[in-house]
Every structure is written in C-alpha cells, then in structure tokens.
Amino acid sequence: MAPTPIDEHLASFAPDQRKALEAVCAVIRAALPAATETISYGMPTFKVDGVAVIGFDGFTRHNSLFPYSRQTQQVFEHDLAGFVRTKGSIHFEATTPFPAALLRRILKARITEINASYPKKNGEFKEFYANGQLKARGRMRDGAQVGRWVHFTREGTQRPSVT
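Residue numbers (UniProt numbering): 1 to 163.
These aren't lab readings, by the way, just hints derived from the structure by calculation.
Hints may contain errors.
With a straight-line cut-off of 25 Å between C-alpha atoms, the simulated PhoX-like cross-links for lysine-lysine are [stated by the list, open to error]:
1) 87 / 108
2) 47 / 135
3) 135 / 108
4) 47 / 126
5) 121 / 47
6) 47 / 19
7) 108 / 120
8) 135 / 120
9) 126 / 108
10) 19 / 108
11) 87 / 47
12) 87 / 135
13) 135 / 121
14) 47 / 120
Can you make the complete structure from the sequences, with help from the hints?
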C-alpha cells in the first residue's frame, strides 16, 4: 500500500517523535475509518465529508493535537488539566503518545459537535455516525427536509431512496 500524505509527513520526524505521532495517527484511523487523511495548513488532518475533525503535528519540543474546537477543550477541561493548551491546540510530550482513551473520547465529542452544527444557515444538513461515516446529507428549510436526501449505512453504503 502506498504511503499516505500523512505517512510521508511523519517520516520527516526523528524516530522517537515519529513513533509517538504514528501512535496518535493509528488511534484516529481506527476511530474514524471513513475519514479522509490530508495535509491542511501544513499539518496532518482528518476530515469527514470535507469537515475537519482533528489535526496533529510535531514540533521541536512537543507534539500537538488541534481539535478545531475550543468547545471540545472546555468539555474535557478536567481531563486536560495536565496538558499545556493554547486557544486551538493541546500539547503533549514529543516522545510520548497522547492517551488513546482520551483521544477516542475527544474524537467522539468532535463528531457530536459537528452533528450539532447542522443545519447551516443556508439549509445544508449533514449527520455523521460516531465512526465518521456520513449518515445523511440534504437540505432543511424551516425545520423540514426539502429536496433530495441521501442516507448511508454505518459502513458507507448508500441506502435506497424512500419516496
């Protein structure tokens, strides 16, 4: 299997730091198998149907998670007490992976938060399963579904339209 852009990015780090970042990446891949892996703003990022869920990267003295959400950091305020945080990032040791159980909880919270952000003002609606797979896509107007809607199974298979 050819290396992904994220794999290529991680290859540039020293072995100990790369190992920690690869462990983080493995947890995200397992939790969000339907996510698209990309490099966004120069860092590894996982997106679901074009929506950024989480990013991460390594730096000289630390590694960071970028949950693209201040709200997520606030929800896990107690759990993140031992980590240095900025407005948009959570720092962790350069050679130690971020705790897997906490990362899985953050990912689940991000999917919940993304789901709650719909419908958008323009009526766009998306809903995702906890594994990052798109569950439904369509448009809303005045609280009602309008136009064509598409529904998917948890595995990503499109469900037959019901008319």
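Structure-based check of all given hints:
no.	hint	in the structure
1	87 / 108	holds, 20 Å
2	47 / 135	holds, 15 Å
3	135 / 108	holds, 15 Å
4	47 / 126	holds, 13 Å
5	121 / 47	holds, 21 Å
6	47 / 19	holds, 22 Å
7	108 / 120	holds, 21 Å
8	135 / 120	holds, 17 Å
9	126 / 108	holds, 16 Å
10	19 / 108	holds, 24 Å
11	87 / 47	holds, 20 Å
12	87 / 135	violated, 30 Å
13	135 / 121	holds, 20 Å
14	47 / 120	holds, 18 Å
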